[in-house]
Every structure is written in C-alpha cells, then in structure tokens.
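**Q** Read off the chains here:
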Amino acid sequence: MSRARDEFLKGFWKENPTMVLVLGMCPTLAVTTSAFNGLGMGIATMVVLVGSNVVVSLIRGIIPKKVRIPAYVVVIATFVTLVDMSLEAGMYNLHRSLGLFIPLIVVNCIILGRAEAFASKNSVGMSFLDGLGMGLGFTVTLFVLGAFREILGNGTVTAFVYQDTIVQWHLYSGAGVLHKTLVFILPPGAFFSLGIFVAVMNVIKTRRKRLDQEALDKVNEASRTAPSLQQPA
Amino acid sequence: MSEIVQTNGDEVSQDGGTLNHVGPKAPEAVVQPRWKLIVVLTGVCLVAGVALAGGHMLTHDRILKARHEFKLLSVKKVLPTCDNDPGGDHVEVALPGGGTLTAFRCRHGGKVAAVAYSLDSKKNKHSPYGGVIEVLVGVTRKGRIVTRKDGRVGVLILQHSETPGLGARIEGKKFRGNFMDAHHLGRNLTAQDMSCDQAGHCAKWVVRKDDPKGFVDAISGATISSRATTEVVHRALAYFNDQKVRQALLSTRPTASGAGGDARSVREVGR
Chain C
1 MSRARDEFLK
11 GFWKENPTMV
21 LVLGMCPTLA
31 VTTSAFNGLG
41 MGIATMVVLV
51 GSNVVVSLIR
61 GIIPKKVRIP
71 AYVVVIATFV
81 TLVDMSLEAG
91 MYNLHRSLGL
101 FIPLIVVNCI
111 ILGRAEAFAS
121 KNSVGMSFLD
131 GLGMGLGFTV
141 TLFVLGAFRE
151 ILGNGTVTAF
161 VYQDTIVQWH
171 LYSGAGVLHK
181 TLVFILPPGA
191 FFSLGIFVAV
201 MNVIKTRRKR
211 LDQEALDKVN
221 EASRTAPSLQ
231 QPA
Chain V
1001 MSEIVQTNGD
1011 EVSQDGGTLN
1021 HVGPKAPEAV
1031 VQPRWKLIVV
1041 LTGVCLVAGV
1051 ALAGGHMLTH
1061 DRILKARHEF
1071 KLLSVKKVLP
1081 TCDNDPGGDH
1091 VEVALPGGGT
1101 LTAFRCRHGG
1111 KVAAVAYSLD
1121 SKKNKHSPYG
1131 GVIEVLVGVT
1141 RKGRIVTRKD
1151 GRVGVLILQH
1161 SETPGLGARI
1171 EGKKFRGNFM
1181 DAHHLGRNLT
1191 AQDMSCDQAG
1201 HCAKWVVRKD
1211 DPKGFVDAIS
1221 GATISSRATT
1231 EVVHRALAYF
1241 NDQKVRQALL
1251 STRPTASGAG
1261 GDARSVREVG
1271 R
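Taken in sequence, the protein lines are chains C and V. Mapping to this note's numbering: the first sequence position 35 is 35, numbers consecutive. Basically this note's numbering = 1-based index in the second sequence + 1000.
Check each hint, because a few of them may be wrong.
[Said to hold, decoys possible] Pair by pair, the computed Cβ-Cβ distance ranges are: (1) V:Glu-1069 - C:Ala-159: 50 to 58 Å; (2) V:Gly-1151 - C:Val-144: 29 to 37 Å; (3) C:Gly-90 - V:Gly-1098: 33 to 41 Å; (4) V:Asn-1084 - C:Pro-70: 55 to 63 Å; (5) C:Ser-86 - V:Pro-1212: 44 to 52 Å; (6) C:Gly-61 - V:Gly-1177: 19 to 27 Å; (7) V:Gly-1098 - C:Val-73: 37 to 45 Å; (8) C:Arg-3 - V:Lys-1036: 15 to 23 Å; (9) V:Gly-1098 - C:Ile-69: 20 to 28 Å; (10) V:Gly-1177 - C:Gly-90: 52 to 60 Å; (11) C:Gly-61 - V:Gly-1131: 17 to 25 Å.
If you are wondering where the hints come from, they were derived from the structure by calculation, not from laboratory data. We put the beta carbon where it would ideally sit given N, CA and C, even for glycine.
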C-alpha cells in the first residue's frame, strides 16, 4: 500500500516531471502565459498520460523491445486523437478552450518518458497511479507557473475563459509601485520564471537534505552515547 | 587510434546495455525474429486504426451537431435582441467572387434589422499564424458591426488555431472590441480603406503597428493573428457594401426550405 502511495506522490515533488525530470519543456514554456492555460494543458496531458500508461502496461508483455518506441508512439497518438474527438463530441465548450492544447500533447516527452521508464516495467495498477500522480504534478506545476507569470506580467489570475465568460481576479491595475512587467508573459519570461522555480526548489531541497543529515547525525550521536544507559535496562 | 576505436565500441555496447535493460531480462538467444517485429507493430497499428475509426464513427455526427448548435448559439451573441429566432431564419446569398454565404437574420417587426454571417481567412492576403480563422460578424442594416445593449461587440471567433496565450487572444473581449461600430466605406478593399464612427472620426482598416492611422490595436506578440482577423472582419463588411449582396441579405423573404429551396434563392440573387 505504501508503495502505491509513493508511486502516486512522487510526481508532485520528488520526481516532479517539470522541475526535477525537466521533461515536457515545450508545453511548459509555451503554454503557461496564464493560470488557466496551464491548468488546461495539465489536465489534458494527465488524461492522455493515464490512458497511455495503462495501455502500455497492458501490452508490455507482447511488444518486442526493438519496436517498442514506435508502438508506444502509436498508442499515445491514438489516445490523443480519441480524447480530442470525444471531448469535441461530448463537451464542446470545454473543447473550444482546450482544443488548441490537445494536439501538442503528442510531442510531450513526459508521456513517452513514463511509458518507457515506468509503464513498460510495472503492473497496470502501479502504472495508473504513476500516470495520475505525474499528471497531477504536471498540472499543479503548470498552474502555479502560469499564475506566477500572469500575476507579474498582467496583474491578473485567470481561472477560466470561454468567449465572453471570464473568471478572473485583477490583483493590481499596473499603476503606482506595482507595475506590470509584460516580459513575464512573453517567451523570455517563461525561461526566467522556470529558472526561478527550479532554483527555489533546489534551495528547499538542499536545506531539507542538510536538516535531515543533521537530524540523522544527532540520532547517531545519541545512539553512540546511549547504549551504556540502554543496555542495562 | 586503437584506443578511440575501443571507446567507441564501449559506447555502443553501453547503449545496447541500456536498451536491453528495459525489456524482460532476455539473453541474446531469445532475440525476436524480424517477422515478429513486423507482425506485432502492424497489429498495434491495426488495433489503433480500428479504435480511431470506431471513435470517429461514434463521435462524428455529434461533433457536427455540436458545431452547428454552437454556431446558432453564437449567432444570438452577435445580434441585438430580435423579434424572431435568428437561428431559424436564414438566407443563402451568392457572393460576387463565387460561393455562397449563409446569413442569419434578426428582424424587428418583419424588417431585417441586422444579419449575422461568418467568413474565414482562406482568401486572406494576410494569413493567420496557423490554420484558418473563422469569424462570425453581426452587421446592422446600415453596414456597421453590431453593438449590443449589454456592451458586447458583434464579432466572435468561431474557429482558429493560433498559439494559446498569444494569437489565441484574438478571442478576447479586448481585441474584438476594436471592431465596435466598425464600418467600411466604398465597395472594394484597398489599403486606404477607412472606417468612420458616427461622430465622423475616420481611421484606416489596418493594425496601428503597420500604420499610425489604423484603428486596430494589435495584440502584443501576435501581430500576425491580429492582422489576419482584421482582414477577415474587413472583408466581411465589404461584402455588405456590395449592392446585390446587401439587397439579398436584407431581403425579407422567409427561409427557403430544403436543398431545392436553397438553390432557388441563390438563383434569385443572381437575377
């Protein structure tokens, strides 16, 4: 059970696809101009990732290793097209706001990466959890990155957009001390933001590691001095 | 020399090692025969093809229906309040350059007060960044883009493939607001074409970045998409200034029923 939890949770922090594995840079950099775009891309990717992980895991026994990459690509492209079609038929409104992101998913190497590195070696259940966790981790990262760029670049957070229906919070108008910095929405801002995020994450990770190490040292220290007291008891 | 060859050889075997590492731990002896690779990959593609064909069959009709419903819904969004249901009151109009236009009519007491029709960028001089942009415009009988009482402008983007976050912002209220009350003087399209507001202030039908006298504020980072959209709206309005087309658009003739009826209405226009 704890393994299932680990496979699910690793996508959020320890093996976060964007920040740690640094995969899927094309959608990450291109699409996160607003929080809503990040959310849309993240959710669409997650659906395809879960589907392709499960199917790749199901057929892992019958695919000869020499043709596995083309086979995975066929599976992924099929999934992307099916998601695209069923979304347009079933939820036309959502498709109109997400439709542009969906073809981009085929070229997202997170999906092929998980198929190759995880689903082709693990059971269906674990692959499902891996896909779900990685997909959610990707979604959260893209949403936060999108919100960060949008706040700095446009002074807003957009949660939902569809033609005239807009759910958006205006945080500041761009006058006075808080000035809009358009560059954060433009392509260079994507690199700046991602750089800042990765740096912050690394700082936290290093600090955590050091604290863990210190705690471990303390325990070791204690156990080295303690035996004489514990043994008699 | 021999050392270099040695390292190359090592690298190859390392690559081979990582490849082998992925599949089930199979020694060299169990390498699959070539025909099996072909059969399996063909099989995977066949299954994928069948899945896609099935998906297409299941969804195709519903997709077309959803698109049509969306268009009817959008038609109401670019027209003012009407006495009739504009979605059910349309007319086919022959265009001077060939082809026809389906216009949805908004009536006030029988008289056509405004029409809505869509045009795409296929015949544009300025192409969009990718794919096709299809724009639905609502035009008053005086040839101006509709301004609704709720402040919305009579321009909607029905379809586009621009970059999310950049060109896709042509869908936004702010960009479409550029065309509020827009108007086209004259019959043909030229670079000097002007749009004059009701107070008599005129500006050119170009993005301001190309000509300071233009009235369209291009989206920063998406000038190409802005240009293409501006041209589509401009062309749509120029159709309205064609005498024959305008008469056909504003004719009060009821909706022709069936395919035969559509053909008849087109012939009547050509008369």
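**Q** Hints first: check each against the structure and report whether it holds.
**A** A quick look at each hint next to the structure:
no.	hint	in the structure
1	V:Glu-1069 - C:Ala-159: 50 to 58 Å	violated (26 Å)
2	V:Gly-1151 - C:Val-144: 29 to 37 Å	holds (34 Å)
3	C:Gly-90 - V:Gly-1098: 33 to 41 Å	holds (37 Å)
4	V:Asn-1084 - C:Pro-70: 55 to 63 Å	holds (56 Å)
5	C:Ser-86 - V:Pro-1212: 44 to 52 Å	holds (48 Å)
6	C:Gly-61 - V:Gly-1177: 19 to 27 Å	violated (58 Å)
7	V:Gly-1098 - C:Val-73: 37 to 45 Å	holds (42 Å)
8	C:Arg-3 - V:Lys-1036: 15 to 23 Å	violated (34 Å)
9	V:Gly-1098 - C:Ile-69: 20 to 28 Å	violated (48 Å)
10	V:Gly-1177 - C:Gly-90: 52 to 60 Å	violated (32 Å)
11	C:Gly-61 - V:Gly-1131: 17 to 25 Å	violated (41 Å)
When held up to the earlier numbered hints, the structure conflicts with 1, 6, 8, 9, 10 and 11 and fits the remainder.
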